Amino acid sequence: MEIALVLGLLIVAIILFATEKFSVDLITVGLLIILTSLGILTPAEAFKGFGSDFIIMLASIFVVSGAMQKAGILEIIGDKFIKIPKKRLKWLPTYIMSTVGITSAFMNNTTVTAMYVAPVVSMCRKLRISPSKLLMPVAFASILGGTCTVIGTSTNIAVNAYLGKNGYATFGMFDFTIIGLMMMVLGIVFMATIGVRLLPGKKEVNMVKELEQKHYFTEVLVKPNSVMVNQKVRDTLLSTSGFKILNIIRDKQNMMANGYSTIEANDILLLEGNIEDLLRLKQSLGLDIYSEALAPGDMITEDIKIVEIFVTPTNDFLGQTIREAQFKRRFGLLVMAINREGQTLSDKIGDTEIKIGDRLLIQGPAVNIEYRRKRGDFTVLQEYNFAAPKNKRNALLTFCFFVGALVLGTFEIIPLSIAFMLAAFLCVAFKCIKTEEAYQKIEWNLLVLIGGMTSFGIAMEKTGTATFLADHIISFFGGMGPIAVMSAFSLLTVFLTQPMSNAAAAMVVLPVALQAAETMQVNPITFALTVMLSASVSMITPFEPSCILVYGPGGYKFRDFVKTGSLITILLIVVIIIMAPVLYPL
0 MEIALVLGLL
10 IVAIILFATE
20 KFSVDLITVG
30 LLIILTSLGI
40 LTPAEAFKGF
50 GSDFIIMLAS
60 IFVVSGAMQK
70 AGILEIIGDK
80 FIKIPKKRLK
90 WLPTYIMSTV
100 GITSAFMNNT
110 TVTAMYVAPV
120 VSMCRKLRIS
130 PSKLLMPVAF
140 ASILGGTCTV
150 IGTSTNIAVN
160 AYLGKNGYAT
170 FGMFDFTIIG
180 LMMMVLGIVF
190 MATIGVRLLP
200 GKKEVNMVKE
210 LEQKHYFTEV
220 LVKPNSVMVN
230 QKVRDTLLST
240 SGFKILNIIR
250 DKQNMMANGY
260 STIEANDILL
270 LEGNIEDLLR
280 LKQSLGLDIY
290 SEALAPGDMI
300 TEDIKIVEIF
310 VTPTNDFLGQ
320 TIREAQFKRR
330 FGLLVMAINR
340 EGQTLSDKIG
350 DTEIKIGDRL
360 LIQGPAVNIE
370 YRRKRGDFTV
380 LQEYNFAAPK
390 NKRNALLTFC
400 FFVGALVLGT
410 FEIIPLSIAF
420 MLAAFLCVAF
430 KCIKTEEAYQ
440 KIEWNLLVLI
450 GGMTSFGIAM
460 EKTGTATFLA
470 DHIISFFGGM
480 GPIAVMSAFS
490 LLTVFLTQPM
500 SNAAAAMVVL
510 PVALQAAETM
520 QVNPITFALT
530 VMLSASVSMI
540 TPFEPSCILV
550 YGPGGYKFRD
560 FVKTGSLITI
570 LLIVVIIIMA
580 PVLYPL
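Numbering that gives the first Met the number 0 puts the first residue of the sequence shown at 0, with every later residue one more than the last.
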């Protein structure tokens, strides 16, 4: 009865993980509540998974990664690629994938992908290369780089935590690096030769650049004798002449402008409009032009950002005009331009109807944008950080803290979890990242998933569910030998990573695989390594978080991932099946 109940809960969990109607942490907590309420798990067993030092280590890695991202370390690296001579551009995918892969070996792969997307897109625009040729390789490299070390992905950390909690030997930092490097090299060679030919060559539309070519972003000073002093923005000749007053800088404070904002003497106005019209009007209006071609980055401060959002069928402003949608009143944001099917619309956009697939360029307070993004009011495709300052002090400090943690943990001077906790502590103590930002960078839902599924594994073992499943898999594939059984678990893990997160898939299969290995009296660590690595090589669909991050900016279609990812996934599974028994003999 208990086996049927646990199996039923497992199936329900897989379905819920796949549909994403509820968050993974909520599903996991729900499982533990049910198992504890039915007496299958004691409260101590239910919370046992959350007491792992690996949970602390993963949280610390999130904080350090966030500090590195804030310091602009990867932007500095990205800038180096732009200087690559054009005659060597054919090696660009190799250079980028190698750099991303090496970085991802020591950082969460989703974080690494997120950090590289904007620099790569920016580089592609400068080099006039389609981002679709490089963004999928970036995602794949970050995934494969994570297979090189025990901290490379949350999946590796979760599997290692499960092994340690259940009395098995755990992996050291570089115990399986040789296999990870083989897979990463194979992935780089494949994408640089075959994969790049399978990728689409979509033309990237830079709405900000198009706006710069059509209109100028201009900064003007309102003289004390200007006729605009004490006028409302909507009543000024600038507004009625087709100019958009985007921001008002007053006493060094940058504020968004709206139709009811009052203009005062010595205000600095950020305008968008035709420069020739402004030159004609400036004398009569009593204005001085500070810069006749202000870069869009000058409109971006710590508090005011420009982002590009994607219109989906779920947006409630779909079918309305910009004016009807009342972006300023509802969201506190300004729509600067609309891109539709490769064409950027910026004239009279207030009367333009919003359609599915439109990309809106919006400007507004960073806090408003982040709040609306988290609420799901819109999907942010890209944030424009044209002149984001790189903090060299913080970049150097965070890098030193990170490397220090690796050295201390790898050589077992102090435990790895304590080493990374120390690095996170120093990042906050030296103000490389604010305390509240540190908490925001931690992916709490992932920590709950790892802790909860570890406890669910206890329930599978306690009730005999793991043994039941293992026996059935062995009865079907056992006649073909341990390698065949191990291959079956590898394929099952890859299959489950399509609807589920990698970590969740690994944690579902791992207890069964370990039980099967013990039943067959072979090395369980070989099976654990196979499951762990198999969870990180599924690139058939864009559902993996790293792939989702590049899906929109790269302009990919679902079939692009199926076409390119299927081949590389098959090759990587073969490498795992061959090399795992070599490294850890059965």
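Rather than coming from a laboratory, the hints here were simulated on the basis of the structure.
From a predicted model like this one, the values you see are computed outputs, not experimental measurements.
One should not assume that every hint holds.
Said to hold, decoys possible - Simulated crosslink set (DSS-like; lysine-lysine; CA at most 27 Å straight-line):
| no. | residue 1 | residue 2 |
| --- | --- | --- |
| 1 | K556 | K47 |
| 2 | K281 | K231 |
| 3 | K47 | K461 |
| 4 | K132 | K164 |
| 5 | K281 | K222 |
| 6 | K461 | K132 |
| 7 | K69 | K461 |
| 8 | K89 | K562 |
| 9 | K132 | K243 |
| 10 | K251 | K69 |
| 11 | K243 | K231 |
| 12 | K281 | K251 |
| 13 | K164 | K461 |
| 14 | K281 | K243 |
| 15 | K556 | K69 |
| 16 | K430 | K440 |
| 17 | K89 | K132 |
| 18 | K132 | K251 |
These are the hints, each one checked on the structure:
1. Restraint check: the Cα-Cα separation between K556 and K47 comes to about 42 Å, which exceeds 27 Å; the hinted pair is violated.
2. Among the hinted pairs, K281 with K231 is consistent with the structure: their alpha-carbon atoms are about 18 Å apart, no more than 27 Å.
3. Our distance criterion of 27 Å between C-alpha atoms is met by K47 and K461, whose separation comes to about 14 Å.
4. Distance restraint check for K132 and K164: the Cα-Cα separation of roughly 43 Å exceeds the 27 Å cut-off, and the hinted pair is therefore not satisfied.
5. Between the alpha carbons of K281 and K222 the distance comes to roughly 10 Å, so the proposed pair stays at or under 27 Å and holds.
6. Between the alpha carbons of K461 and K132 the distance comes to roughly 49 Å, so the proposed pair goes past 27 Å and is violated.
7. A C-alpha spacing of about 45 Å is found between K69 and K461, which places the hinted pair above 27 Å, so the restraint is violated.
8. At roughly 22 Å between alpha-carbon atoms, K89 and K562 fall within 27 Å of each other, so this suggested pair holds.
9. Between K132 and K243, the direct Cα distance comes to roughly 36 Å. Violation of the 27 Å bound is thereby established for this hinted pair.
10. Proposed proximity of K251 and K69 is supported: the alpha carbons are some 24 Å apart, at most 27 Å.
11. A threshold of 27 Å between alpha carbons decides the hint, and for K243 with K231 the separation of about 13 Å falls inside it, so the pair holds.
12. Distance check on the hinted pair: K281 and K251 sit about 23 Å apart at the alpha-carbon level, within 27 Å; holds.
13. Distance check on the hinted pair: K164 and K461 sit about 14 Å apart at the alpha-carbon level, within 27 Å; holds.
14. A C-alpha spacing of about 15 Å is found between K281 and K243, which places the hinted pair at or below 27 Å, so the restraint holds.
15. Proximity of K556 to K69 is assessed by CA-CA distance (about 31 Å); at most 27 Å being required, the pair is judged violated.
16. Between K430 and K440 the alpha-carbon distance is near 15 Å, which keeps this suggested pair within the 27 Å criterion.
17. Straight-line distance between C-alpha atoms of K89 and K132 comes to about 11 Å, which keeps the hinted pair within the 27 Å bound.
18. Pair hint K132 plus K251 does not hold up; C-alpha atoms about 42 Å apart against a cutoff of 27 Å.
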